Every structure is written in C-alpha cells, then in structure tokens.
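Participant: Given next are the chains, with one letter for each unit.
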Amino acid sequence: MHYGKSYSALLASLPPEFQDSAIEYRQLKKTIKKLVDELGSLGLNPDVLNSLLHTEVETHARSLQEPAASGSTSDPTSPSNTSTQLSSELSQVVSKAVYEFSSDESNTLSPRLRIWISPSRFEEVYTSGSSEAFVSESQSSDNPSDDIGLNEEVPQGALTKRRNSSTSLLWALQQHAVEEPSGIEPVFEEQGEAGLDLSEPEQLSSVPESDSREIVISLKADANFFALLTNALVASSNALRTTESQFMDSLKDLSVTISQHAKPPSSHHHPIPSPKNIFRKADGDLYTWREIFTMYMELEIFESSAERDRGDRSTEESEKRLGKFAQQIGARGMKLSKDNRTAFERFLELNVLILNLRKFQIANNEAARKILKKHTKRTGLPSPSSAALVAVAPVLNVHFTSLPHTLVQAMAEILLPIIPHLDDYECLICASVAFKPVRLACGHLFCVRCLVKLQKRGKANCPVCRAETVLQADRTNVDDMLLRYMVDWFPREVKEKKNVDGKEVEKEQMEELGMSNDCTIM
Amino acid sequence: MSLPKRIIKETERLVNDPAPGISAVPHDDNLRYFDVAITGPEGSPFEGGIFKLELFLPEEYPMSPPKVRFLTKIYHPNIDKLGRICLDILKEKWSPALQIRTVLLSVQALLSSPNPDDPLATDVAKHYKEDEKGAQNVSREWTRQYAS
Ligand SMILES: [Zn+2]
Ligand SMILES: [Zn+2]
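From first to last, the protein sequence lines stand for chains L and P.
Each step along the first sequence adds one to the number in the numbering used here, with nothing skipped, and position 368 is 368.
Each step along the second sequence adds one to the number in the numbering used here, with nothing skipped, and position 72 is 594.
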C-alpha cells in the first residue's frame, strides 16, 4: 500500500482550490532522495549522521585521543566500497555535528549541518586516493568554478569538482560551507583565529591536534525539501483563509435569503403594512425551513453532543450523516419552491465545504507528518521542531486547525436562529407552546391554562423556583409582545394549543355540572 | 382520552435517551403505567441488584405527582414492606416542572444515601441508626436474595 497513491486519490476528490495547495508528497519524496545523495556524497549516510548528531562531549574528547589504527588507508580500486569506508573514516575525523535551521526574513528554513572537525585526525585519514574517489563521486555542480573560497559567495550546496591531488574531504566540505553571518557565533569553537584559514587546505597540517574546526554545510536538497514543504503549508493556509471568508460571505447571504422566504406571514411582523404584504402569505415556507433545520440539528452532522461520543465525528461519519440529511429531505417530498430549493442546495453546499475542508486538513497533516518521518528515516537528520514549522507555516496555527469547528459554530449562530425553535417557547408543565404566555413575578413563563390550573389547586409556589408568585398573577402578567411573536412564528402550534385547551375547558365545565363525558347521551 | 403532549414527550425521551442505570417502559395497553428497573448504585449496599418498580401517572399528572412503588423487596429505611417510598418530591415537594426522569433519579439517589431520620419503615430505620454496619449487611443480603 503506497501512501502517496491513496493521498493523491483523496486529493482528487476535493475541489481544485484545495488540490492546488496540498502538500506535494511525491515531489517531496524525490527531494528526500536527492538529499540522501547529497549527504551520501559527503560520506554522511544515516548511520554516520545519527552517531555524529548524538555524540556526547565525552565521546568527542575520547575520539581525539584514539590512535588512527583502523581505516587510515582506503582502497581506491574498489569504488563500490569507497562510500561506506569513507563514512567510517569520516566519523573518525568529524567529532560532532549539529543539524540546525537558520531562518531569514523571507521566512524560509535554511537547514545546515554544523560540523566540528579534528584536523590532525583528518590528515591521518585522508592522505591519498580516498578523497579523490570521494570527490569524483560527488554530483556535478551548477558552479564548476575551480577554487571558491569560503568567504566568497558560494551558491548553496554548490559542490566544486577539484581533481588535483590536494582535493580533500575537508575541501569538499568547505565548498558546501557558507560563512556564518557575522556577529552571531564564532566559526571556531576553541581558537579565535580567522575562519579564513579554512579556505586553504594546505594549511591544515599546521593546526594543532587539540583544536577542532567548525564547518557549516548548507544542504541544498534539504533547503529545497523544506521550501517545498513550507510553500505548500503557506499555500494551504491561504486557501483556508480564502475558504473561510467565502464561507462567511455566502453564509450571511444565505441567511438573508432564508429569512425572506421563511418570514412569518402574519402582519405582526410588519408594523407598517406595505402593499406587498397585504395579501397573507401561507406559512408553508416557515414550516419547511423549520423542519429542515430541526432535522439538521438532530442529525448532528459534524459534532456530537451525546454523552457516549461527544466531540468531532470522523469525516466518514459526517459524510454519511450529510448524505442521510439530503436524502431525508428528498424523501419527505417537501414542496420546495424553486427559490427555496436553490437556497437549500446552497445550504447543502456549505456543509459539503466544511466536510471537504476537514478532509483536506486531515490529509495534509498526515502527508506532512509522513514525509517528515520519511525525511528523518532516510537521512538520519532529526525533524525540525513543530515550533520552527509553525513560524513559517501559519496553517499549523490554532486558528486554522479549529476552522471547521468555527464554521460549524457560525452556521449554528447565523443560520439556524433565523427560525425560532419551539423548545425555547414551551410551557414546562404541558410541554406545548406556552400560549397565552403568562410571566410570573419571578420571571418564569407558563401558559395561561397551566397557570389557572395551579391557581385553582391553590398552589402558591412557582413550579421552577418555588417563589410564591403564582396566586398574585392576573391578566396583567400576560406577555403581549411574546404572544404576538408566538402567533407569528408558531401559528400552527398556537392553533393546536387553543384547540386542546378549548376541549379541556369544555370537559371541565361538564364535570363541574355533574355530567362526565362517559354518560352524555345526545 | 388521548395522551397529553407532555406524557408523549417524556416517554419518547425516556425510551430514546435513558438515564444511566434507569429504564422505564410504558405498558402497551396503558401508556400511563410504566415498568421501571433501577440498578443499585455502586458503593451502596444495593450494588449489583436490579430493583423493579411500578410507576403510574394519574389523570392529574403533572399537577399531581406520579405514583411510584418498589416491587422488589428491599431493606431500606425509607421504603416500607409494601414498597412505598418516603420521598418529599413524591408528596408535598412535588412540582409540575419535575418529570418522571427526575423522580427516578431521586429514587436512585435515595438508594445511595438512606435517611433513617425520616423513616417509613421504622424497624429498618432503627436498625440503621443503632447498627449501621449490621443493617447494611442485611440490605446486601436482601439485594443478593431478592434483586439479583
Ligand atoms: Zn402549559
Ligand atoms: Zn419562578
């Protein structure tokens, strides 16, 4: 199973704006290969690098004292052997290495190796042909100039071919080296002498044994790798930012459209009747949208509020639920006018967008994680800290990781409240719309019918807070504003409630007259 | 007479989203009559037992409280031989804003914290007051014998 394949298959299912900004997994894989070659040409295979990068100071000291018995000579006639042999030799002259990133204003990560070398040991190891073999193995350079000094402008990673006998590993390393920007750190660890010395390999023998030299190697292929990666991450955050603002725009737009469709037909809503709404509109659209939103909320497509599985759903589960939602609306055979159908489709599209966004983020994060793991595994170089990546790649910021949740919230805050929900206007006692609404002195709201029942039974305490507010309530406690609002937004529920209450009152009166329902004979 | 909306809604929720350790199922032929099962709370002498109760919603409900009774024998200071429960919200503290669910949760809580100072079964309460450990052992034994 190739991850690269399933990754590109998933991307292919997403809209182009996401595809274009996704991490180019295959390209990055190729770059890792180039980096492995680049490091290999320096004799730095993963094992060597690993041991150098994890060298303790103690080991460093000991290696300086070890006699150069093994590996002091190499056989130039067996080139297949050269690389590994060089590697072991290299680990003897190179005492310690550090992998680091310098980040300039353009926010690119410049990876480099800082290596401390024991020059005298180097002398012992690289006396003859092995270094020649090494250099001839190395990749050809963009800049074949013969003698580029350390303090000259060296193109990053440019490797100079030098075929004369003085060519050495150290020389090759120097060609990779870029001088430290002044004033940050001394190039030499122990001696304060000018780093310029390094540009003259001939002088190496004069360096005392106890000294170690420091070389900084800029890794060209590695820089390409991180440029590719961070560019993709930056592109992703731009795509997400665009998606977010487009989403919010269409959400607001849609909420205006739905408000117009679902607006209550009653005149209460329009203080000054305009010719347009003199004709009473049917309440069909209001109830259609109420049903759509109720179904939508009950399905909890993206986030569950249930005890057993609270939190984000998997994208598979969300997709399933979204499909079910669309299907249910279709199955109800709802009479959606053309305008309403268009609005409903836009509503669905917004949900699909959130779903795609989550798929994209999950895939992108997974690809980044995998490629960094591969990078470390193939090269032996440790992964940069996530902090270093966040600095150049805003996509990893909290704002973007929580974007799907933000959009789900926005939907719940902007779109769904357009249609008031019955639960918020229910009488706690009869569980119907609290019509006519009576507000007690304590602030609690009940329907007039339930309140009358409480009073008839002499119950003085509010059923919710137990304050003694029930018996004082009278006609003035009816909330007229709320009454009109209920008539506007819950016309069917209000009608049903009046109906039920009417029958109940009738029955009560019959009973008071001594005639129970059972024995009424007409 | 059709069932009030309030009872329909409560039943729906009891069946679809039951509270942990509590089940309440209405009879097919009388939707005001429920078969209830409460599991004995962890750490109480009733742990491991499943207690059957009956719950009835009178015509006046929710103006009047539901009538609840243990069917399973239980050794508890606030529950008598007939299964009647001494619980204030089932009597003078009833409020029509309370529900079947809240009532059953309160009964479950009563199993966790018996109150011998407000007894219904005076002999059990006396036992609980004078020798709590011994009384709890009897409760455990009854749970094992009648509720498992
Ligand atoms: Zn009411
Ligand atoms: Zn109140």
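Quick caveat, the hints were computed from the structure, so don't treat them as lab data.
Quick caveat, the model's predicted, so the values are computed rather than measured.
All residues carry an ideal CB built from backbone N, CA and C; glycine is no exception.
Some hints here could point you the wrong way.
As the list claims (entries may be wrong) - Stretch by stretch, here's where chain P covers chain L in the computed footprint (C-beta under 8 Å, at least three residues):
hint, stretch
1, 310 to 318
2, 339 to 348
3, 430 to 437
Stated by the list, open to error - DSS-like cross-link-like pairs, simulated, lysine-lysine; straight-line CA separation at most 27 Å:
hint, chain 1, residue 1, chain 2, residue 2
4, P, K595, L, K324
5, L, K456, P, K527
6, L, K263, P, K595
7, P, K595, L, K507
8, P, K531, L, K459
9, P, K595, P, K613
10, P, K595, L, K495
11, L, K459, P, K589
12, L, K503, P, K527
13, L, K456, P, K595
14, P, K595, L, K498
15, P, K527, L, K507
16, L, K498, P, K648
17, L, K495, P, K615
18, P, K589, L, K359
19, L, K459, P, K527
20, P, K589, L, K507
21, L, K503, P, K531
22, P, K613, L, K459
23, L, K453, P, K595
24, L, K30, L, K498
25, P, K615, L, K459
26, P, K531, L, K456
Participant: Could you run down the list of hints and mark each one as holding or not?
Facilitator: Outcome of the hint check:
Counting residues of the stretch 310 to 318 of chain L whose beta-carbon sits less than 8 Å from any beta-carbon of chain P gives 0, not enough to reach three: the coverage restraint is violated. Interface restraint, the stretch 339 to 348 of chain L with chain P: violated (0 residues with C-beta to C-beta distance below 8 Å; minimum three). Coverage of the stretch 430 to 437 of chain L by chain P holds. Counting CB-CB distances below 8 Å, 3 residues qualify, and the rule asks for three or more. At most 27 Å may separate the alpha-carbon atoms for a hinted pair to count; K595/P and K324/L exceed this at roughly 47 Å.
Restraint check for K456/L and K527/P: satisfied, since their Cα atoms lie roughly 21 Å apart, inside the 27 Å limit. In summary, the hint linking K263/L to K595/P is not supported, as the alpha carbons are separated by about 58 Å, beyond the 27 Å threshold. Of the supplied pair hints, the one linking K595/P and K507/L is violated, its CA atoms being roughly 41 Å apart against a limit of 27 Å. The hinted pair formed by K531/P and K459/L meets the criterion: a straight-line CA distance of about 24 Å does not exceed 27 Å.
At roughly 22 Å between alpha-carbon atoms, K595/P and K613/P fall within 27 Å of each other, so this suggested pair holds. A distance of roughly 48 Å separates the Cα atoms of K595/P and K495/L; the hinted pair therefore is violated under the 27 Å criterion. Between K459/L and K589/P the CA atoms are separated by roughly 19 Å; this keeps the pair inside 27 Å, and the hint holds. Between the alpha carbons of K503/L and K527/P the distance comes to roughly 14 Å, so the proposed pair stays at or under 27 Å and holds.
The hinted pair formed by K456/L and K595/P fails the criterion: a straight-line CA distance of about 39 Å is larger than 27 Å. For the suggested pair K595/P and K498/L, the alpha carbons sit about 46 Å apart, so the restraint of at most 27 Å is broken. This hinted pair checks out: K527/P and K507/L have alpha carbons roughly 17 Å apart, not beyond 27 Å. Restraint check for K498/L and K648/P: not satisfied, since their Cα atoms lie roughly 54 Å apart, outside the 27 Å limit.
Of the pairs offered as hints, the one joining K495/L and K615/P is violated, with about 34 Å between alpha carbons and a cut-off of 27 Å exceeded. Among the hinted pairs, K589/P with K359/L is inconsistent with the structure: their alpha-carbon atoms are about 53 Å apart, more than 27 Å. For the hint linking K459/L to K527/P, the alpha-carbon distance of about 22 Å falls within 27 Å, and the restraint holds. The suggested pairing of K589/P with K507/L holds, with an alpha-carbon distance near 24 Å, which does not exceed 27 Å.
For a cut-off of 27 Å, the pair hint linking K503/L to K531/P stands: about 20 Å separates their Cα positions. A hinted pair counts as satisfied when its Cα atoms are at most 27 Å apart, and K613/P with K459/L qualifies at roughly 13 Å. Restraint check: the Cα-Cα separation between K453/L and K595/P comes to about 37 Å, which exceeds 27 Å; the hinted pair is violated. For the hint pairing K30/L with K498/L, the CA-to-CA distance comes to about 74 Å; that exceeds 27 Å, so the pair is violated.
The hinted pair formed by K615/P and K459/L meets the criterion: a straight-line CA distance of about 11 Å does not exceed 27 Å. A threshold of 27 Å between alpha carbons decides the hint, and for K531/P with K456/L the separation of about 25 Å falls inside it, so the pair holds.
In this structure, the hints that do not hold are numbers 1, 2, 4, 6, 7, 10, 13, 14, 16, 17, 18, 23, 24, in rising order.
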